[in-house]
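A.B. asks: Take the sequences, apply the hints, and build the full model.
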Amino acid sequence: ALRVAAAAGPRKSRPRRLTRARKPYVLAPPDRALAAPRAPAMASNGETPAGLTRKSSRNQLEDALEVEVNDLQTLGTFIINTAKDEDTSDLSILIQSIGTSCKYIANCVRKLGLAKLAGKAGTENVQGEEQMKLDLVAHEVFSRGLANSGRCTVMVSEEVEETISCAPSPHGRYVCVYDPLDGSSNIDCSVSIGSIFGIYKAKQRGVCDDADALQPGKDMVAAGYALYGSACNLVLTIGGGGDGVT
Numbered sequence: 703a704l705r706v707a708a709a710a711g712p713r714k715s716r717p718r719r720l721t722r723a724r725k726p727y728v729l730a731p732p733d734r735a736l737a738a739p740r741a742p743a744m745a746s747n748g749e750t751p752a753g754l755t756r757k758s759s760r761n762q763l764e765d766a767l768e769v770e771v772n773d774l775q776t777l778g779t780f781i782i783n784t785a786k787d788e789d790t791s792d793l794s795i796l797i798q799s800i801g802t803s804c805k806y807i808a809n810c811v812r813k814l815g816l817a818k819l820a821g822k823a824g825t826e827n828v829q830g831e832e833q834m835k836l837d838l839v840a841h842e843v844f845s846r847g848l849a850n851s852g853r854c855t856v857m858v859s860e861e862v863e864e865t866i867s868c869a870p871s872p873h874g875r876y877v878c879v880y881d882p883l884d885g886s887s888n889i890d891c892s893v894s895i896g897s898i899f900g901i902y903k904a905k906q907r908g909v910c911d912d913a914d915a916l917q918p919g920k921d922m923v924a925a926g927y928a929l930y931g932s933a934c935n936l937v938l939t940i941g942g943g944g945d946g947v948t
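Count the sequence shown with the working numbering and you get residues 703 to 948, in order.
You may find that some hints are simply not true.
What the hints assert, rightly or not - Under the rule of at most 25 angstroms between Cα atoms (straight-line distance), these lysine to any residue pairs were calculated in the SDA-like manner:
| no. | residue 1 | residue 2 |
| --- | --- | --- |
| 1 | 903 | 862 |
| 2 | 903 | 915 |
| 3 | 805 | 943 |
| 4 | 805 | 849 |
| 5 | 903 | 843 |
| 6 | 813 | 839 |
| 7 | 813 | 842 |
| 8 | 822 | 929 |
| 9 | 805 | 823 |
| 10 | 920 | 863 |
| 11 | 822 | 843 |
| 12 | 818 | 831 |
| 13 | 786 | 835 |
| 14 | 903 | 918 |
| 15 | 905 | 871 |
| 16 | 905 | 791 |
| 17 | 905 | 818 |
| 18 | 835 | 935 |
| 19 | 835 | 815 |
| 20 | 835 | 790 |
| 21 | 818 | 795 |
| 22 | 903 | 941 |
| 23 | 920 | 798 |
| 24 | 813 | 824 |
| 25 | 920 | 865 |
These are calculated hints, taken from the structure and not from any lab test.
C.D. replies: Following this line, the structure appears as structure tokens:
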């Protein structure tokens, strides 16, 4: 056996793979000043530890605003909740159309420069004041919105001299007077501008009578204004106090 092994020659050994020794990672102790404090453990009786307040997780909106979601109302839901009979239902539809018109005008105010609505229109209103381009836009928006609601018989705008007669409608029982854009001369100065409106009840349903627009202010059934700027605020009263919507 020794002779056979010697004849075969020396045995070749396999080369060993060299491995680089890895240095062990050492975790440095966290900085106490930067480490987050541990929350105190809950008491055995399930009560919140002293110094902590339990925050409700029912709804993130409730937690952020600290109000009940059921207490939040839009203009539409507020108007619907005030409708008790046929007259107030028609008034609700009319006010809803005014709210939609105010939203459109507020959007135009924000995009004044981009939409090329800045500057004068080259015309004058009833009072001899120079009209701005946005004056004409606001007047057109208000007039169309009120006319399409089918609840108006007569409209009076500051931008035109004559009354505006609406198409006959069996639901037409209100008269609306409005300044579609008050303070328009302040547009270029970045001063707040707004819309003002008042609503009277017509003496006869569906009958267009200019005399209905000459009623005293104490006979108004609703009035309000919208203020345009970084946010649109609408203040409305239908008797018994005022309400604001933003």
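A.B. asks: Hint by hint, say whether it matches the structure.
C.D. replies: Going down the list of hints, with the structure as the test:
no., hint, verdict
1, 903 x 862, "holds (22 angstroms)"
2, 903 x 915, "holds (9 angstroms)"
3, 805 x 943, "holds (23 angstroms)"
4, 805 x 849, "holds (17 angstroms)"
5, 903 x 843, "holds (22 angstroms)"
6, 813 x 839, "holds (13 angstroms)"
7, 813 x 842, "holds (17 angstroms)"
8, 822 x 929, "holds (21 angstroms)"
9, 805 x 823, "holds (22 angstroms)"
10, 920 x 863, "holds (24 angstroms)"
11, 822 x 843, "holds (18 angstroms)"
12, 818 x 831, "holds (21 angstroms)"
13, 786 x 835, "violated (40 angstroms)"
14, 903 x 918, "holds (11 angstroms)"
15, 905 x 871, "holds (14 angstroms)"
16, 905 x 791, "holds (18 angstroms)"
17, 905 x 818, "violated (42 angstroms)"
18, 835 x 935, "holds (22 angstroms)"
19, 835 x 815, "holds (12 angstroms)"
20, 835 x 790, "violated (35 angstroms)"
21, 818 x 795, "violated (32 angstroms)"
22, 903 x 941, "holds (14 angstroms)"
23, 920 x 798, "holds (22 angstroms)"
24, 813 x 824, "holds (21 angstroms)"
25, 920 x 865, "holds (21 angstroms)"
The earlier numbered hints that this structure contradicts are 13, 17, 20 and 21.
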